[in-house]
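Number of protein chains: 2
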Amino acid sequence: MLRRYLPILTWLPHYNRRLGGADLLAGLIVTIMVIPQSLAYAVLAGLPAVVGLYASLLPALAYVVLGTSRTLAVGPVAIVALMTGAALSGVATPGTPEYLQAALILSLLSGLMLLLMGLLRMGFVANFLSHPVIAGFLAASGLLIAASQIGHLLGVELTARELLPRLVELVRGLPDMHLPTLAIGAGSLLFLLLLRQYGRSALRGLGLSRPLADLLTRSGPVFAVVVTTLVTWQLELDAIGVAVIGDIPQGLPPLSIPGFDAPLWQALLVPALLISVVGFVESVSMGQMLAARRRERISPNQELVGLGGANLAAAFTAGMPVSGGLTRTVINYDAGAQTPLAGMFAAIGIGAVTLFLTPALAYLPIATLAATITVSILTLIDIPLIRQTWRYSRSDFFAMAVTILLTLLEGVETGIISGVAISIGLFLYRTSRPHSALVGRIPGTEHFRNVERHETETVSHVALLRIDESLYFANARYLEDTVYDLVATRPELEHVVLICSAVNLIDASALESLDAINARLKDSRVTLHLAEVKGPVMDRLKCSDFLDDMTGRVFLSTFAAWRELSRPSQ
Amino acid sequence: MLRRYLPILTWLPHYNRRLGGADLLAGLIVTIMVIPQSLAYAVLAGLPAVVGLYASLLPALAYVVLGTSRTLAVGPVAIVALMTGAALSGVATPGTPEYLQAALILSLLSGLMLLLMGLLRMGFVANFLSHPVIAGFLAASGLLIAASQIGHLLGVELTARELLPRLVELVRGLPDMHLPTLAIGAGSLLFLLLLRQYGRSALRGLGLSRPLADLLTRSGPVFAVVVTTLVTWQLELDAIGVAVIGDIPQGLPPLSIPGFDAPLWQALLVPALLISVVGFVESVSMGQMLAARRRERISPNQELVGLGGANLAAAFTAGMPVSGGLTRTVINYDAGAQTPLAGMFAAIGIGAVTLFLTPALAYLPIATLAATITVSILTLIDIPLIRQTWRYSRSDFFAMAVTILLTLLEGVETGIISGVAISIGLFLYRTSRPHSALVGRIPGTEHFRNVERHETETVSHVALLRIDESLYFANARYLEDTVYDLVATRPELEHVVLICSAVNLIDASALESLDAINARLKDSRVTLHLAEVKGPVMDRLKCSDFLDDMTGRVFLSTFAAWRELSRPSQ
Chain A
1 MLRRYLPILT
11 WLPHYNRRLG
21 GADLLAGLIV
31 TIMVIPQSLA
41 YAVLAGLPAV
51 VGLYASLLPA
61 LAYVVLGTSR
71 TLAVGPVAIV
81 ALMTGAALSG
91 VATPGTPEYL
101 QAALILSLLS
111 GLMLLLMGLL
121 RMGFVANFLS
131 HPVIAGFLAA
141 SGLLIAASQI
151 GHLLGVELTA
161 RELLPRLVEL
171 VRGLPDMHLP
181 TLAIGAGSLL
191 FLLLLRQYGR
201 SALRGLGLSR
211 PLADLLTRSG
221 PVFAVVVTTL
231 VTWQLELDAI
241 GVAVIGDIPQ
251 GLPPLSIPGF
261 DAPLWQALLV
271 PALLISVVGF
281 VESVSMGQML
291 AARRRERISP
301 NQELVGLGGA
311 NLAAAFTAGM
321 PVSGGLTRTV
331 INYDAGAQTP
341 LAGMFAAIGI
351 GAVTLFLTPA
361 LAYLPIATLA
371 ATITVSILTL
381 IDIPLIRQTW
391 RYSRSDFFAM
401 AVTILLTLLE
411 GVETGIISGV
421 AISIGLFLYR
431 TSRPHSALVG
441 RIPGTEHFRN
451 VERHETETVS
461 HVALLRIDES
471 LYFANARYLE
481 DTVYDLVATR
491 PELEHVVLIC
501 SAVNLIDASA
511 LESLDAINAR
521 LKDSRVTLHL
531 AEVKGPVMDR
541 LKCSDFLDDM
551 TGRVFLSTFA
561 AWRELSRPSQ
Chain B
1 MLRRYLPILT
11 WLPHYNRRLG
21 GADLLAGLIV
31 TIMVIPQSLA
41 YAVLAGLPAV
51 VGLYASLLPA
61 LAYVVLGTSR
71 TLAVGPVAIV
81 ALMTGAALSG
91 VATPGTPEYL
101 QAALILSLLS
111 GLMLLLMGLL
121 RMGFVANFLS
131 HPVIAGFLAA
141 SGLLIAASQI
151 GHLLGVELTA
161 RELLPRLVEL
171 VRGLPDMHLP
181 TLAIGAGSLL
191 FLLLLRQYGR
201 SALRGLGLSR
211 PLADLLTRSG
221 PVFAVVVTTL
231 VTWQLELDAI
241 GVAVIGDIPQ
251 GLPPLSIPGF
261 DAPLWQALLV
271 PALLISVVGF
281 VESVSMGQML
291 AARRRERISP
301 NQELVGLGGA
311 NLAAAFTAGM
321 PVSGGLTRTV
331 INYDAGAQTP
341 LAGMFAAIGI
351 GAVTLFLTPA
361 LAYLPIATLA
371 ATITVSILTL
381 IDIPLIRQTW
391 RYSRSDFFAM
401 AVTILLTLLE
411 GVETGIISGV
421 AISIGLFLYR
431 TSRPHSALVG
441 RIPGTEHFRN
451 VERHETETVS
461 HVALLRIDES
471 LYFANARYLE
481 DTVYDLVATR
491 PELEHVVLIC
501 SAVNLIDASA
511 LESLDAINAR
521 LKDSRVTLHL
531 AEVKGPVMDR
541 LKCSDFLDDM
551 TGRVFLSTFA
561 AWRELSRPSQ
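Protein chains in written order, with UniProt numbering: chain A, 1 to 570; chain B, 1 to 570.
To be clear, the hints were calculated from the coordinates, so they are not data collected in a lab.
It is possible that part of the hints are untrue.
Pulled a few chain B residues facing chain A out of the computed Cβ check, cut under 8 Å [to be verified]:
#: 1; residue: Arg430
#: 2; residue: Glu446
#: 3; residue: Asp468
#: 4; residue: Phe473
#: 5; residue: Ser509
#: 6; residue: Gly535
#: 7; residue: Arg540
Quick list of simulated restraints, FRET-style, between CB atoms [to be verified]:
#: 8; chain 1: A; residue 1: Pro263; chain 2: B; residue 2: Arg394; range: 33 to 41 Å
#: 9; chain 1: A; residue 1: Asp481; chain 2: B; residue 2: Leu9; range: 19 to 27 Å
#: 10; chain 1: A; residue 1: Arg387; chain 2: B; residue 2: Pro97; range: 56 to 64 Å
#: 11; chain 1: B; residue 1: Leu2; chain 2: A; residue 2: Ile442; range: 41 to 49 Å
#: 12; chain 1: A; residue 1: Asp481; chain 2: B; residue 2: Asp539; range: 21 to 29 Å
#: 13; chain 1: A; residue 1: Pro263; chain 2: B; residue 2: Phe223; range: 52 to 60 Å
#: 14; chain 1: B; residue 1: Leu269; chain 2: A; residue 2: Pro94; range: 34 to 42 Å
#: 15; chain 1: A; residue 1: Ala262; chain 2: B; residue 2: Glu296; range: 55 to 63 Å
Cβ coordinates follow ideal geometry from the N, Cα and C atoms, glycine included.
Make the full structure from the sequences, and use the hints.
See below:
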């Protein structure tokens, strides 16, 4: 029991020096790699850069104790930061104490929700975000993030929050570009893009080993940060208008208490729920993927608890909403992390940076961070997946396209909610007009197939109708229509057999429809039979009067029904 | 084409004298029967009684031209009147011109929506109201209507609109009951209840024929109205405080133009939608039931057009939202109506009453109307259906119970919306954890059954997994879990066969999960196969790369997979 809620107890007792060495190295690498990122995502959310560091400390430690993934690294992540910024700017002005306070409340609410969902074992809610909706949402969010950074990259001040006005403002502002900022921003961007595209193979070409080449390629952002910071410092570029991070308070995060303010809490409820669910889905998908590679399992419900604990920790240590981050997790995994202790070592490392090294970050140009963000979000836009969805399913593609469009034009919250609503609606619509097929016997066998697709044997006084869907309220009437049409067009019919091999559920509405069909067929002197009813469905039918009222029988197999009914009557 | 949208063209050309005679008689009977009802429902909606008459004229004629049911009678109905009252009292005060105006706008919006849904062939939306939700909604609405009438019956003035405050007010007001009103109200109620319970058999006992006994039993409300009106007139009971209908303007309905007022229209949009859908569902279910009895068909999409036309007519002739009424339709059907012309004759009859006989209604006591309404809504509360739903399905019952409770406590709109949301939610939840079963061969046959329910033959290196649900986003991850658990617990596995006989759909999310499963199994040296994939599903899969990547094969039948794979390898 204790182990279920404190997964650390399952692995810590077996910890040894070999694991410790691997984890320590991974922790060190992660420390260096995620600092630019952590700062950048805090800025993306409209918060002071240091909040990103704070949110990488205690939240990560909370996850170490509570989480089930061995390699997931928790901290500020791009999508959650984007959603945080959108939520907060609805209730406060960036730069004010109210904005910081709202960030704490958002973390607190998100933490409580995740924890509650975890304790209620509600991990399944994540399933309602379909893959196309997630893919669409990520792609659109990536574009929104890029749009939010482009001003920083070009040195143009942008104030509008919506996409279209922002683009208009950008075009208008282009003549006023700040050239030194542009040099740093575009330069970093170009460097990172080139490194990403060609770095690995170029470095391998120089004779480096594969792991080293990978590591150096991944260090691009660190390199860009160090170089541009040094250049800015030496040339005093901040004095001529290049925006920099500026003074970051030194020291560990302060204890913070999210204040209670009923209207504010209420306003942040829905955003907190969306952030929780989206963060959880991202985090758990990645955790599952990596766990699968090492033949480990993670528990989605306990992951909710772990992320909940991490967000609560963020709320009380001047942080921001956190989740399992794609980039930091992949770095951690590739650096050879064996247990969550790697996350602890990274947190200690970032803590040390926060304590001693923040002055070194004062001259870090915002444009460099913008370049870092822009490159890292490119992974969010998965064009092949979008193309593949188009080829495979138009309705899935439709859900994806609507999610993209509404996220871009109406914002992240409307986008994701509409995506979920549309995918549920489409599923209901599809199941509300179920496929059904008249089947006939494949001569000489006990198999029955669609008469329109196969050469089959049929008799005119028996209709074998296979229903390819569970019967429930949304399609109950449709079933009635199908059967009535059948009877209306075939006056010689004596028996209708509903083949229920694909019927996994008959709800109360469908039961009433079956009752109605039975009564109506009885009036027309047609007998209604069922075949291949599944165990659970049959158990349920036995609780009703339907089987007593039904004019015909329940056959175990279609063949049994055929053998019995296909003989000419009298 | 013209015939599709003007169904009158299909039957009017074949009209003859025999049909005319039957329709004329039915029209006459309906005229007499529905007058008390029409007045009563207008009062229930908080409108002047005459509005109920107006709404029985032109709207009924519009339906005659546009509707597809031969016997449906359109006019004010109880549930729609209740919902109309709830909607209007949210935006205006009963008795004011604004309230009348809002009623017109509500009719107009409802008419436009119905028409639009009809033209877009959206009749299927009605399917999303599951039977248990409708039954729960009707029962709760019946109780609300009864609660709204009890003040009129007892002669106690009630002002609260919510159920609980109303009941409190009622108890407090009991000592101030107006005894003459109570005598009329309770007397009429008792008379109608007794007649309903024993009238038919008593009259048959007196030697009357069955149709005549039925007719007389149904005339109870007319009889009560005539007697209590005469008594009130003769004894001048209105002078001592018995509330009466009062002067009704004589003459045909005036032309009315619903004014445009953006905020008011917006406020009435959701109520209009709910009224449209609920009215349509009620109307079309009844129409289908009666049509089925006479081997006729109705077209749900054209019914939307018919009801839409009726509501538009109501909007421009000082009416109120209308629908196909249960009582008036049953009267019409039982009176022998053959074609919609019966409805026309009834409308003409009511028109004549409106022109010449309204002075006779001035002394009609409100208490009598309240008794009429109360008795007629008793049919809405279907206790056996509620009990049967409990027995058959706890989750359907849950949806019903929530609908009843929320309708009673939070009002009709919250009630119906919650009911729909809950039944959709429950369906999604059920399908998100699909039933799946390991199957084995029934020795000596080609049949395969659940190993836990039947004596079957299995081999340890092949797992035959039957999935009893369509694969879509909500259960894709669940499928992954099921397969991974299977592989984790059976190290000797070499082949996993997914039997897809009950899989009617594989959406893009589930396709990705299948891809993931295939890759993961490949890593574990387990081959993934499919069996019994349905035609439409297979067509879809061929549009993806999955079949190329899959490590195993697609077998036509489970038996073929068994024959091939169950042989010991090497």
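Outcome of the hint check:
1. Arg430: holds (6 Å)
2. Glu446: holds (6 Å)
3. Asp468: At about 4 Å, which falls below the 8 Å cut-off, the nearest Cβ of chain A leaves the hint on Asp468 (chain B) intact, so it holds.
4. Phe473: holds (3 Å)
5. Ser509: holds (4 Å)
6. Gly535: holds (5 Å)
7. Arg540: holds (7 Å)
8. A:Pro263 x B:Arg394: 33 to 41 Å: holds (39 Å)
9. A:Asp481 x B:Leu9: 19 to 27 Å: holds (23 Å)
10. A:Arg387 x B:Pro97: 56 to 64 Å: Holds, at about 60 Å.
11. B:Leu2 x A:Ile442: 41 to 49 Å: 46 Å Cβ-Cβ, so the 41 to 49 Å window holds.
12. A:Asp481 x B:Asp539: 21 to 29 Å: holds (24 Å)
13. A:Pro263 x B:Phe223: 52 to 60 Å: Given a distance of about 59 Å, which is inside 52 to 60 Å, the answer is holds.
14. B:Leu269 x A:Pro94: 34 to 42 Å: holds (36 Å)
15. A:Ala262 x B:Glu296: 55 to 63 Å: Given about 59 Å between the Cβ atoms, the range holds.
Violated hints are absent here; each numbered hint is respected by the structure.
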